[in-house]
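**Student:** Going by our numbering, the residue at position 143 of the sequence shown is 143; the numbering climbs one at a time, nothing skipped.
It is worth saying that the hints were derived from the structure and are not from the lab.
Wrong hints could be hidden among the right ones.
Cβ-Cβ distance ranges computed for the label pairs, FRET-style [as the list claims (entries may be wrong)]: (1) Y110 with K249: 39 to 45 Å; (2) Q275 with S227: 18 to 24 Å; (3) D43 with K269: 33 to 39 Å; (4) F93 with S243: 22 to 28 Å; (5) G111 with V85: 21 to 27 Å; (6) L37 with Y216: 34 to 40 Å; (7) S227 with K274: 41 to 47 Å; (8) G111 with A226: 42 to 48 Å.
Think about it this way: if two alpha-carbon atoms lie no more than 25 Å apart in a straight line, the pair counts; the simulated SDA-like pairs of lysine to any residue are [unchecked claim]: (9) K274 with S227; (10) K171 with T42; (11) K249 with S132; (12) K171 with K271; (13) K68 with V85; (14) K284 with D245; (15) K251 with T42; (16) K284 with V32; (17) K274 with I289; (18) K284 with N244; (19) K68 with N165; (20) K171 with S243; (21) K271 with M287; (22) K284 with I15; (23) K273 with K171; (24) K269 with Y297; (25) K109 with I224; (26) K68 with W116.
None of these values were measured; they are calculated from a predicted model.
Built from N, CA and C at the ideal position, the CB exists for glycine as well.
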Amino acid sequence: MIAVLRLVRWPNLLIIAAAQLLIYFRFIHHSVPETSLLFSCTDIALLVVCTLLVAGAGFVLNDIFDQKTDAVNRTKNIVPKLISVRRAYQIYFSTIFLGTLISIYLAWKYGFLMSWIIFPATNFLLYLYSSSLKCSLLLGNIAVSVFIGFSLLLIPYANWQVFLNENFDNKWFAFQHIAILTSFAVCSNLFREIIKDIEDIDGDSSCDCKTLAVVYGSSAAKMIAASVLMILFGIELLYFLQSNDASAKLKFGVLILLPLIVLTTMLIKAKEKKQFHQLSIAAKWYMLIGMIYFLLY
C-alpha cells in the first residue's frame, strides 16, 4: 500500500486537492448565495477526486515510461523495483476507469456533456507527455505546467455560470486571485521542470531525449530558467504594487519575494547535479508556500 501511495505521488495529490477545495470554499462557496450554487459539496468533492485520479494515473504512467532514465539517474524508481510493470498498468487502468465513471456522472447530472471531453483529452495528453513530449524540447515542461494550471482552474470553470450570472461583492477579488495563483503555479512549476531536466541530463542524454538541457546545454537551460523567474517576479511585483496594506506587503515580501531572491542566487551558483537537486527541492517548497499564500491572503 505504501508503494502504491508513493507511485501516485500522494503528497502532490494532497496539494492539488487542498488547492481545489480552498479555491472553491474561499472564492465561490462563501461568496455566492447558497441558492445560487450550482454544485453540491459532495459533487465538488467528486470533481476533486476525478482530478486526483487523472493526476495519479499520469504519475503511474510516467514511472512506467521512465524506468530506463530513472536507472541511469539513480532515482528511487518504484517501477519495477517495488511494483511490477503489470501491476502498475493495472493501477493505471483502474484509476482511468473510476475517473471516467465519475466524470460521466457529473457531466450528465449538470448538463456539461460537451465538457466531459476534458477528462479523456487530459488523459490522452498525459499519455503523450509520458511517452514522447517529456523528451521533447520544452513541450513536455510546458504541458505538465499547463496541467497544473488547469487543475486549479477546473473548479472555477465548473462554476462559470455562477461567476457570470451572479453579482457578489468580491467577484473581481476572486478573478484576480485565481488568475495570479494560476500564473504563479504555472511559472514556478515550469522553472522546476527545467531545473529537473538539468539535474537529469545524464539519464535523458543516454535515452536520446531532446530536452532543453540535452540539446543546448546546462548554461542555456539556466538562462531559460532565469527568464521564467523574471516573468514570475513581474507577476509578483504587479500583485505587490497594487496592495495598499503595509502589513500585507511585509508578509508578501518575506514569504514570496525574499525566497525568489534565494532561488535566483541558488540558480546562479548551481553547477553540479547535487546543487540542481537542492534547487529543485527548494523550488517545490517555494511553489507550495506561494500557493498557500495566494489562497489564504
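**Student:** Hint by hint, say whether it matches the structure.
**Tutor:** Right, here's what the structure says about each hint:
1. Taking 39 to 45 Å as the suggested C-beta distance range, the pair Y110 and K249 conforms, at roughly 41 Å.
2. Q275 and S227 have their C-beta atoms about 20 Å apart, which keeps the hinted 18 to 24 Å range intact.
3. Evaluation of the 33 to 39 Å hint for D43 and K269 yields a failure: the beta carbon distance comes to about 48 Å.
4. The given range of 22 to 28 Å is broken by F93 and S243, whose C-beta atoms sit roughly 48 Å from each other.
5. Our hint of 21 to 27 Å for G111 and V85 is violated, since their Cβ atoms are close to 40 Å apart.
6. Range check, L37 to Y216: about 49 Å between beta-carbon atoms, so the 34 to 40 Å window is missed.
7. Checked against the given bound of 41 to 47 Å, the beta carbons of S227 and K274, roughly 24 Å apart, lie outside it.
8. The hinted window of 42 to 48 Å between G111 and A226 holds, with their beta carbons roughly 46 Å apart.
9. For the proposed pair K274 and S227, the alpha carbon gap of about 22 Å is at most 25 Å, so the pair holds.
10. Between K171 and T42, the direct Cα distance comes to roughly 24 Å. Compliance with the 25 Å bound is thereby established for this hinted pair.
11. Pair hint K249 plus S132 does not hold up; C-alpha atoms about 43 Å apart against a cutoff of 25 Å.
12. Using a Cα cut-off of 25 Å, the hinted pair K171 and K271 is violated, with the two alpha carbons roughly 46 Å apart.
13. A hinted pair counts as satisfied when its Cα atoms are at most 25 Å apart, and K68 with V85 qualifies at roughly 13 Å.
14. Restraint check for K284 and D245: not satisfied, since their Cα atoms lie roughly 28 Å apart, outside the 25 Å limit.
15. A threshold of 25 Å between alpha carbons decides the hint, and for K251 with T42 the separation of about 34 Å lies outside it, so the pair is violated.
16. The suggested pairing of K284 with V32 is violated, with an alpha-carbon distance near 33 Å, which exceeds 25 Å.
17. Taking the CA atoms of K274 and I289, the gap is near 23 Å; set against the 25 Å cutoff, the hint holds.
18. For the suggested pair K284 and N244, the alpha carbons sit about 29 Å apart, so the restraint of at most 25 Å is broken.
19. Distance hint between K68 and N165 is unfulfilled; the C-alpha atoms sit about 51 Å from each other, more than 25 Å.
20. With a CA separation close to 17 Å, the supplied pair K171 and S243 stays within the 25 Å bound.
21. With a CA separation close to 22 Å, the supplied pair K271 and M287 stays within the 25 Å bound.
22. Distance check on the hinted pair: K284 and I15 sit about 11 Å apart at the alpha-carbon level, within 25 Å; holds.
23. In summary, the hint linking K273 to K171 is not supported, as the alpha carbons are separated by about 45 Å, beyond the 25 Å threshold.
24. Simply put, K269 and Y297 have alpha-carbon atoms about 32 Å apart, too far for the 25 Å limit, and the pair is violated.
25. Pair hint K109 plus I224 does not hold up; C-alpha atoms about 45 Å apart against a cutoff of 25 Å.
26. About 35 Å separates the Cα atoms of K68 and W116, which puts this hinted pair outside 25 Å; it is violated.
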